[in-house]
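Novice: From first to last, the protein sequence lines stand for chains A and B. So the first sequence is residues 119 to 461, counted in our numbering. So the second sequence is residues 5 to 337, counted in our numbering.
Check before you lean on any hint, since a few could be wrong.
Derived Cβ-Cβ restraints for the label pairs, each shown as a range [said to hold, decoys possible]:
hint, chain 1, residue 1, chain 2, residue 2, range
1, A, Leu317, B, Lys34, 45 to 51 Å
2, A, Phe304, B, Asn91, 36 to 42 Å
3, A, Phe452, B, Val253, 49 to 55 Å
4, A, Asn347, B, Ser304, 15 to 21 Å
Sample of chain A residues with no beta-carbon within 10 Å of chain B, all distances over it, derived [stated by the list, open to error]:
hint, residue
5, Arg164
6, Asp169
7, Phe171
8, Leu238
9, Ile296
10, Tyr327
11, Asn337
12, Ala440
13, Leu442
Just so you know, the hints here were simulated from the structure itself, not pulled from any lab data. The beta-carbon is built from N, C-alpha and C at its ideal position, and this holds for glycine as well.
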Amino acid sequence: MSSNETRIDLAKFSFLRYMSRDGNLMRLVLITAAIFALMSILSPDRFLTFDNFDSMAYQFPEFGILSLAMMITMLTGGIDLSIVGIANLSGVFAALMMLHTIPDGASTSQILTGIMAAVLLAMATGAGCGFINGLLIAKINIPPILATLGTMQFFTGIAIVVTKGYAIFGLPDQFSFIGNEAIGIFPVPFLIFAAFAWLFSLLLNKTGYGTKLYMMGTNATAAKFSGINNTMMLVKTYMLSGLVAALAGLVIVARTNSAKADYGTSYTLQAILIAVMGGVNPNGGFGTIAGIVLAVLTLQFLSSGFNMLGFSNFFKDFIWGAVLIFIMVVNFIFNNRRAKRRK
Amino acid sequence: MKMKKLFSSNEFYVALTIIGLSLLIGSVNKAFFTAGNMIDLARGSIVMAIFALGTLMVIISGGIDVSFPAIASFSMYVTTKVLTSCNFQGSVWVAFAMAGAIGLVLGLINATFISFFKLPTLIVTLGTASMFSGFMLAFIGVRELSILPPSMVDFSKLNLFEITSKDHFVYGLPAAVLIVVALALLVWFILKYTMIGRGIYALGGDRVAAERAGFNIHAILFFIYSFVGFISGIAGLVHTSLMRNSNPVTLIGTELTVIAAVVLGGARISGGHGTVLGSILGLLLVTIMTNSLILLGVPSYWQRVVIGLLIVIGTGITAQKRSPKRAGAESGC
Chain A
119 MSSNETRIDL AKFSFLRYMS RDGNLMRLVL ITAAIFALMS ILSPDRFLTF
169 DNFDSMAYQF PEFGILSLAM MITMLTGGID LSIVGIANLS GVFAALMMLH
219 TIPDGASTSQ ILTGIMAAVL LAMATGAGCG FINGLLIAKI NIPPILATLG
269 TMQFFTGIAI VVTKGYAIFG LPDQFSFIGN EAIGIFPVPF LIFAAFAWLF
319 SLLLNKTGYG TKLYMMGTNA TAAKFSGINN TMMLVKTYML SGLVAALAGL
369 VIVARTNSAK ADYGTSYTLQ AILIAVMGGV NPNGGFGTIA GIVLAVLTLQ
419 FLSSGFNMLG FSNFFKDFIW GAVLIFIMVV NFIFNNRRAK RRK
Chain B
5 MKMKKLFSSN EFYVALTIIG LSLLIGSVNK AFFTAGNMID LARGSIVMAI
55 FALGTLMVII SGGIDVSFPA IASFSMYVTT KVLTSCNFQG SVWVAFAMAG
105 AIGLVLGLIN ATFISFFKLP TLIVTLGTAS MFSGFMLAFI GVRELSILPP
155 SMVDFSKLNL FEITSKDHFV YGLPAAVLIV VALALLVWFI LKYTMIGRGI
205 YALGGDRVAA ERAGFNIHAI LFFIYSFVGF ISGIAGLVHT SLMRNSNPVT
255 LIGTELTVIA AVVLGGARIS GGHGTVLGSI LGLLLVTIMT NSLILLGVPS
305 YWQRVVIGLL IVIGTGITAQ KRSPKRAGAE SGC
């Protein structure tokens, strides 16, 4: 009888309980709401418009997807600094593939085949780059920061060598559909991001891989002795990170309608910032997709809001750095307090 | 015993690589072994060497700092902007003191977050780097200053010696090299002969053990990051003087090369290991590698591929050395 009651209680309060258990997430909801309110008050006539939400929905997916790629590597206690390098290299390869396989005046089916080939090439490139990262980290035991620092230079370097530093233009219109059109009122990049966020939450919460990933991130030694092959897990995770980064690269190419070796270098910092803000523990084991989504939205509100208020882009760098450290400090203070209470 | 130690030391192999590489480049292009090229290499590594000394300290303590180029840019840009706007005619020492002091303050900001809030050093310095350069570019200025105070220009013309090449080019070794020598000796002395230096190694080796052994971790962290801020400010000013213009963005992005150089020189990213000699040799190796691509006929856009490979190979070798299988052999030193 009593168990029946508790079940009802749980169903009723599961949301609240979930939120209070995950203090980081609750604070983040508050911060997101506060920033949204602040921007709405500061420039109500421009922030609270359909146009603004529309343009925001085109802007955040590219770094949102990159943040997901960053997040899963941080769940293992590692980091992937090479995601932007992988995105650009895959984008460059995809763009070159399209230019070489699609002749002038090609038929629609020819163009679509070319685009498919380019997307596959980009995905293979991303997975391959991630495989290299995984091997360096899991097999050769290079700390993830250094391994991906090196491969970031290496991948970007290859993209520079291939393009000789120039941007690649002249991609088919059908491809830029991915980056610049909408289905109904939802921009395609937004839908891609939403699909990825959904897939990732399934992957992390409903599959064996996800469970193992959290376990390995919490305690690698314990995970090893409970029969998890940490080497394989790391290689898989970095491959997945590379693959997702490559897809972000495709979205970037489609949106800007060009491919460049050194596009979006500030995205690395942003992706770390979003992951940390979203409650991912840099030491591994903790972090939720809901947190990442909220952090992505918060950053986009901040950056659009500041743009409307006429601040320079450099001021944005300042604010992002400050927000990153602020969130870390707040989390530290709260976690510290909770730890003390437990004692 | 001493010979064995020499052969097992990382410095020995880096030095060997430098010699091998130099012979290779020299055999391809005779211009490599000219006095002019040597002076160019030395000149090109002055600022990076100062950065490397700071990075070494941070890495030994088990941290990683990516904010020093931002600190250097901030310090030197504010210094030159203030001094030129008040038409400063005094000594270059004032400029150095000012840049050093600004660097120190910015370093203290890093230290505060790292020490009191126990935040990961990479994330703190990524954040502060973004803050420092964002603040500078948004509020202080983005334009390059090409007119410097006269004392700074004089400083840049101050050469230890000059050599005139066959085609009547005058190559001078800047006196700023002495700053590198002095700082290298200072850092070596601190690391080897002072309690705080031993504390830095202890902290990097095992934080808890260091704390129990009685080291004041807060004091050590504050010392490291403020000292690194201070010498980054000095490095920034040296950079501006040698370039004879003050550009707020040219140094940004050098952090990866410096970290790569220090790690190649044998410092371990996990902390507790590293030497001044190794870092300087590592830096020379990276400088020779990147500066000589052109002499080898390799287009300069290959540079990043080479740096990336250097980091991966260098860290791969050190990672293999300290893998469990070899741990027993290594514990001797």
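Novice: Is it correct that the beta-carbon of Leu442(A) has no partner in chain B closer than or equal to 10 Å?
Specialist: 4 Å, violated
Novice: Over 10 Å to the closest beta carbon of chain B is the bar; see if Asp169(A) clears it.
Specialist: Its Cβ never comes within 10 Å of chain B, the nearest being 26 Å, so this holds.
Novice: Since Arg164(A) was said not to touch the interface, does its Cβ keep a gap of more than 10 Å from each Cβ of chain B?
Specialist: 21 Å, holds
Novice: Do Asn347(A) and Ser304(B) keep their Cβ atoms within the hinted range of 15 to 21 Å?
Specialist: Given a distance of about 43 Å, which is not inside 15 to 21 Å, the answer is violated.
Novice: Does the hinted range 36 to 42 Å hold for Phe304(A) and Asn91(B) at CB?
Specialist: 59 Å Cβ-Cβ, so the 36 to 42 Å window is violated.
Novice: Can we confirm that no CB of chain B comes within 10 Å of the CB of Ile296(A)?
Specialist: 28 Å, holds
Novice: Does the no-contact call for Ala440(A) survive, Cβ to all of chain B over 10 Å?
Specialist: Violated, since 6 Å does not exceed 10 Å.
Novice: So does Leu317(A) sit 45 to 51 Å from Lys34(B), Cβ to Cβ?
Specialist: 59 Å, violated
Novice: Take a quick look at Phe171(A) and tell me if its Cβ sits farther than 10 Å from every Cβ on chain B, holds or violated.
Specialist: Given that every Cβ of chain B is farther than 10 Å from that of Phe171(A), nearest at about 26 Å, it holds.
Novice: Does the claim that Asn337(A) lies outside the interface with chain B hold up, using a Cβ gap greater than 10 Å?
Specialist: 17 Å, holds
Novice: Tell me if the beta carbons of Phe452(A) and Val253(B) are separated by a distance inside 49 to 55 Å.
Specialist: 37 Å, violated
Novice: Please confirm whether Leu238(A) is truly not at the interface, meaning its C-beta sits more than 10 Å away from all C-beta atoms of chain B.
Specialist: With a cut-off of 10 Å, Leu238(A) remains clear of chain B, as the shortest Cβ separation is near 25 Å.
In this structure, the hints that do not hold are numbers 1, 2, 3, 4, 12 and 13, in rising order.
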